[in-house]
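Its first residue numbered 2, the first sequence is counted upward by one per residue in my numbering.
Hints may be right or wrong, so weigh each one.
[Stated by the list, open to error] Simulated restraints on C-beta separations:
1) Leu376 with Gln278: 56 to 64 Å
2) Ala219 with Thr406: 45 to 53 Å
3) Ala104 with Ala553: 36 to 44 Å
[Unchecked claim] Derived DSS-like pairs: lysine-lysine, alpha-carbon spacing no greater than 27 Å straight-line:
4) Lys174 with Lys198
5) Lys427 with Lys198
6) Lys344 with Lys174
Hint data in this document are derived by calculation from the structure and do not stem from the laboratory.
These numbers were taken from a predicted model, which means no experiment stands behind them.
C-beta: ideal position from N, C-alpha, C; glycine also.
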Amino acid sequence: MFDSTATATGTLELATPEGEVWQDEVPVALRRLTPEQRAAARWSEGHLLIVAGAGTGKTTTLAARIAHLVDTGVDPSRLLLLTFSRRAAAELLQRAEQATGRAVVRQAWGGTFHAVANRLLRRHGPALGLDASFTVLDQRDAADLLALVREENAAAALSAGAPPPPKRSRRAKPDLAASILSRVVNSRTPLSAVLSKHYPWCADQRDELRVAFAGYTARKRAHHLLDFDDLLLCWHALLQVPEVATELGRRFDHVLVDEYQDTNALQAEIVLGMLGQGATLTAVGDDAQAIYGFRAATVRNIIDLPDLVGADVVRLEQSHRSTPPLLALTNAVAAEAAERHEKSLWSERPGAAMPTLVTCADEGAQSAAVCERVLDHFDRGTPLRAQAVLVRTGHHSDLLELELTVRNIPYVKYGGLTFLEAAHVKDLLAACRLAENPRDEVAWFRLLQLVEGVGPATARRIIVHAGLDTSGPPEHVTMRLRDDPPPLPSAAGESLSGLADALDDASSSRIVAVPADQVARLRSWLDPLIAARHGDADARLADLDQLTAAAAAAPSLERFLVDLALDPPASTGDLAGPPHLDDDWLTISTIHSAKGLEWDVVHVIHAADGNIPSDMATGNADEIEEERRLLYVALTRARDHVHVYFPLRYHHRKRGRDDAHGYAQLSRFLTPAVLDHVEHAGAATVPADETVAIGAGASALAAVDVSLAALFD
DNA sequence: GAAATCATACTTTTT
DNA sequence: GTATGATTTC
């Protein structure tokens, strides 16, 4: 599909004539690049798509290109760099800075789509009628607000005499409803199409959802709230306002987009809009590593790009990361993909260690095997921080974490949003948001229910009573709450005025508002309630201490909240900074969070069907292909060694007796052709005399086969 | 009528 | 460990 290779290759030769003298005059920024990388970095013929296989030096090349642009006179502040995570943006700019030796690189605009949207909207929002002091709702808050609206709609329908909903509630759960809406927005596809294609079992709820979505949108607008999708949507809308579009279109000379294969339809339109008339686009990506389909990303973006904007294509196929035996494996996995672009990575790196498939008796044996191999590599000179354990879902590492703790092996876990999801953390953040924006209805709804004797119904009454649903001056809200309290039990009334006092004292509209003091004031109200509510108060308050410390380091409460929403701590340790500089620790990460990173040694655990691919993602062929790419991404993170672990037996905790167990099947992606490139280790086998049950995710047919095999014994 | 309590099921991946 | 739903309690 990228058939413009010929063009690119031709130009590539032009750009780097063999044996020409300028080799000696190559600027520092480009000196250590391979010819193909250098061609991409120096490209000056218009829009460019760099198809960069895993480990081919994508970051190096992009950083070199930035450096080259700056060296050749482009004003850094006219560079826009859109990346997938803030971490990636920071690293890219840092490396470009190193390459040029010029600090001015820092003036480039860099960040995630969402972070840049936030920045632009604070400035240009008013052109849309958007209050520049909007609050950013994270995923969770957004789902809460949507749920709130749906509750109200349901209640209203009931009182209007509509038939009560069927007893067994088949309404989509809040999270599901939120993801449906998100897909509609990000894929720019009508609700009915999204429902029939991705959520057919919810198709009958179209009317309810449509009303809910409309109400939710209206509510957000009224209260100056933007969720993640709104950030993109409003950015897109800015580009429809002629004057702003013209200004933004002239604002940058170069737009560089990383991980283009994981952009969605909305983001693609935004990129095109930002190009305006004169800016040049550089997109980097690898269709073989597209793993964000669940977030409405579409590989079509990268495939269609060359034709759409007339971009030339440069491919990077030399891996500077992995050894040949590892590439043999990863190429084999990629080759099994249903739809595939001919691409075969090669490497000049030395190293002959074969990847291993370690078959373990059960999960416990797997944890032990991982620890042993980790320590083995450690003893041979690979520090823990050069090793990583990759998992499909956060909880896959639960048992391993236990084992690591027992053995005193330090680790940091990335991925999963657990910290910000904990109830007490959300409580404190809700309080902070209220100090910032007293009209944040979701935050009110949450905090009010902390008061003894106040439940959903009373909370809603108070909100209406205090006029939160009107847009009066915000500072009067707490006043109304205190001076004109709604009828309540007296104890609740006291606690309520305590809350109003705390919010007033902590309010950012105070002349001198220091985040540390603001948070401390809020906690003086909140801490006792948390202590009373939860048994493990100490641990929870310790979490809040971490949050408080992080807030204290922020320039303002507003910045603290926005940063937290746009760039949530990847691990609990993140808030407090990395443990100690001289410490060494193992990384545990979801495969998604491992994107773009590399380690000398990579351990991929739970390579059983049902886990990789996840049972939750085998609904259709596209999803399964995405799971295959996920395995590909995991395996291509390794430089020297890959160990894949397969526990034979799983305990079923859910159903029946505690000791029930079943045998799993090896991941369907590890086909015989793939296993050709793997060394087998671990001696675990299925005992012949045991009854064989269905393993995690084994298909019905496979189960039949396995039971048959047992009968044949 | 609403809140508190209890029982049960369900848990992907992330900006 | 959390979120939802049914049940009991206020």
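Here is how each hint holds up against the structure:
1. Leu376 with Gln278: 56 to 64 Å: Taking Cβ atoms as reference, Leu376 and Gln278 lie about 59 Å apart, which means the hint holds.
2. Ala219 with Thr406: 45 to 53 Å: The hint (45 to 53 Å, Cβ to Cβ) holds, given that Ala219 and Thr406 are roughly 49 Å apart.
3. Ala104 with Ala553: 36 to 44 Å: 28 Å, violated
4. Lys174 with Lys198: Roughly 18 Å separates the two Cα atoms, so the pair holds.
5. Lys427 with Lys198: 34 Å, violated
6. Lys344 with Lys174: Cα-Cα ~42 Å, so violated.
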